[in-house]
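Chemist: Listed below are the residues making up each chain.
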Amino acid sequence: MNTLYPSSKITPRIITSGSRHSILLSDVIFKVRSEEPIEFIDLTDQINRHLLEHGIRNGTATVFSRHTTAAIKINEAEELLLEDFKQMLRRLCPVEHDYHHNDMSRRKPPIAPDERPNAHSHCMHLLLSTSETIPVVESRLALGTWQRIFMVELDGPREREVHLRCHSYVSSGFELEIPANGNGHGSRSSGSTEPYSNSAK
Amino acid sequence: MNTLYPSSKITPRIITSGSRHSILLSDVIFKVRSEEPIEFIDLTDQINRHLLEHGIRNGTATVFSRHTTAAIKINEAEELLLEDFKQMLRRLCPVEHDYHHNDMSRRKPPIAPDERPNAHSHCMHLLLSTSETIPVVESRLALGTWQRIFMVELDGPREREVHLRCHSYVSSGFELEIPANGNGHGSRSSGSTEPYSNSAK
Amino acid sequence: MNTLYPSSKITPRIITSGSRHSILLSDVIFKVRSEEPIEFIDLTDQINRHLLEHGIRNGTATVFSRHTTAAIKINEAEELLLEDFKQMLRRLCPVEHDYHHNDMSRRKPPIAPDERPNAHSHCMHLLLSTSETIPVVESRLALGTWQRIFMVELDGPREREVHLRCHSYVSSGFELEIPANGNGHGSRSSGSTEPYSNSAK
Ligand SMILES: [Zn+2]
Ligand SMILES: [Zn+2]
Ligand SMILES: [Zn+2]
Chain A
1 MNTLYPSSKI TPRIITSGSR HSILLSDVIF KVRSEEPIEF IDLTDQINRH LLEHGIRNGT
61 ATVFSRHTTA AIKINEAEEL LLEDFKQMLR RLCPVEHDYH HNDMSRRKPP IAPDERPNAH
121 SHCMHLLLST SETIPVVESR LALGTWQRIF MVELDGPRER EVHLRCHSYV SSGFELEIPA
181 NGNGHGSRSS GSTEPYSNSA K
Chain B
1 MNTLYPSSKI TPRIITSGSR HSILLSDVIF KVRSEEPIEF IDLTDQINRH LLEHGIRNGT
61 ATVFSRHTTA AIKINEAEEL LLEDFKQMLR RLCPVEHDYH HNDMSRRKPP IAPDERPNAH
121 SHCMHLLLST SETIPVVESR LALGTWQRIF MVELDGPRER EVHLRCHSYV SSGFELEIPA
181 NGNGHGSRSS GSTEPYSNSA K
Chain C
1 MNTLYPSSKI TPRIITSGSR HSILLSDVIF KVRSEEPIEF IDLTDQINRH LLEHGIRNGT
61 ATVFSRHTTA AIKINEAEEL LLEDFKQMLR RLCPVEHDYH HNDMSRRKPP IAPDERPNAH
121 SHCMHLLLST SETIPVVESR LALGTWQRIF MVELDGPRER EVHLRCHSYV SSGFELEIPA
181 NGNGHGSRSS GSTEPYSNSA K
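Protein chains in written order, with our numbering: chain A, 1 to 201; chain B, 1 to 201; chain C, 1 to 201.
It should be emphasised that the hints constitute simulated quantities derived from the structure, not laboratory data. Don't take each hint at face value.
As the list makes no split between identical chains, a pair holds if one copy fits it or if it spans any two.
The calculated lysine-lysine pairs, modelled on DSS-like cross-linking and capped at a C-alpha distance of 30 Å, are [to be verified]:
hint	residue 1	residue 2
1	K31	K9
2	K9	K108
3	K86	K9
What you are looking at is a predicted structure, and each value in this text was computed from that prediction instead of being measured.
Construct the complete structure from the given sequences, taking the supplied hints into account.
Modeler: Structure representation (structure tokens):
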């Protein structure tokens, strides 16, 4: 028993618990074209559309960037906040810093034909994530009200690839016990429903 | 063959390898009440209790925060260290910084009814994680001796929701080949057993 | 519909979509010996070898560090860049900082017998990741051309354990629709094939 935090602060609410028998595996690569050196590109609607169109009803989605200077992160799609994020990344990993990786005279092959002095981009990436794994409920990413999933370009503009791998679980007697339209909170995405009750950021 | 690091430094030890046929999918939402602006709330015991009570024996647990200013991270539950973490987060993402997101006059709707000037909280979140995925072995999170899983409040006090999604795999002939009580190391959690041999942080 | 980014920038390409019936669960612990205080140890080849030798053909791999001062991250195995990463980590989490965790007189038990003043190592870890989850395609980690998976030692030298948990999906009629040798890009790893078309970092 951990004494730092009383367990009374943490209350479980069971949503579903049952056995599933058949797995549907689904892979898709999203081609993403960035236009700025640092850019947050919101993939949420495209992923939800894919889940719905391909019958991926309940399962798990892993959104995986195939690049070392483009990351995947979940946060809020608020325009001013995204500017703050860019400023923070530039402050923590300044472009003008004296990086070893940018000294092409010392680099050993292979070097990418389109390589730029981009050590700051790799450094930003190290502080972010290559992938996010998200539960899927009723053919939607089970995100909170303010959560959106982004590909974060750190060395743009470039053409990028994001791998979406979904596992879904199907069985004859499947019935989720959560309400499909659990609350009336506004959401940034049209048609979004929130099966959970808390809209705090 | 990567020449930077000799493969002799990396030794595999096979634990188990076999086929499984039936999947148990389980979802639970933990309601978590924070009391401080920045607070590390240890969820490990509650999650382990849930795994045990619901027969989730071997599989994978994804612990997912439904918020853009509350993160999930694994580290050590050492009281002084958690203070160091808070100081580092405040140093990297200062509250008093001049953030665009906090200028409500320029914000476009929707804005959460309980929105506060919290750009620093979102920035801290960007440096942390929305979720952690952890192997489950014998109805316990297969954590190392010093690892504990935290919800990290970054804009408290608030009521939060943490989604625990578990996949477990069951078959008639299931038998894990790891010892249930592999070592005698002390642990912060009562009843914890460590099926692996290394207690280094 | 998110108005910040037009959906025309994001193009999906379906790779595969079909039902799978049987799951192969596989666990292995890699013992990793580090030699430096901060060190990036490339695990990619050993993991790929394991996948191939154990018939883990299509599925998902979770690479999980069992330590609070050793992380798992994906980035590029470029020697000079790894030096830049170390410098950034030391700059963001300086060793000489005055940390509470390093004041042994105030620490409560249990304390690891081999504990060192390592608050900076824990702080670096908080900014990195405990695990990475990667799709497996045709018995290989489905990484981009420049991506390699590292255990990042932050408090070495030490003996470490990295847990590799693989889920793989098998069925009689399995046939992936992606080319096995999709492009001709150079790669750091001998025998590596890239089933996708984009080699941008
Ligand atoms: Zn580069
Ligand atoms: Zn906000
Ligand atoms: Zn320590």
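Chemist: Taking the hints in turn, state whether each one holds.
Modeler: Do the hints match the structure? See the list:
1. Taking CA atoms no more than 30 Å apart as the test, K31 paired with K9 passes between copies only; the shortest distance there is 8 Å, against 43 Å inside one copy.
2. When the C-alpha separation of K9 and K108 is checked against a cutoff of 30 Å, the pair qualifies only between copies, where the shortest distance is 23 Å, while the shortest distance within a copy is 54 Å.
3. In this assembly of identical chains, the alpha carbons of K86 and K9 lie at most 30 Å apart only when taken from different copies (20 Å versus 35 Å within one copy).
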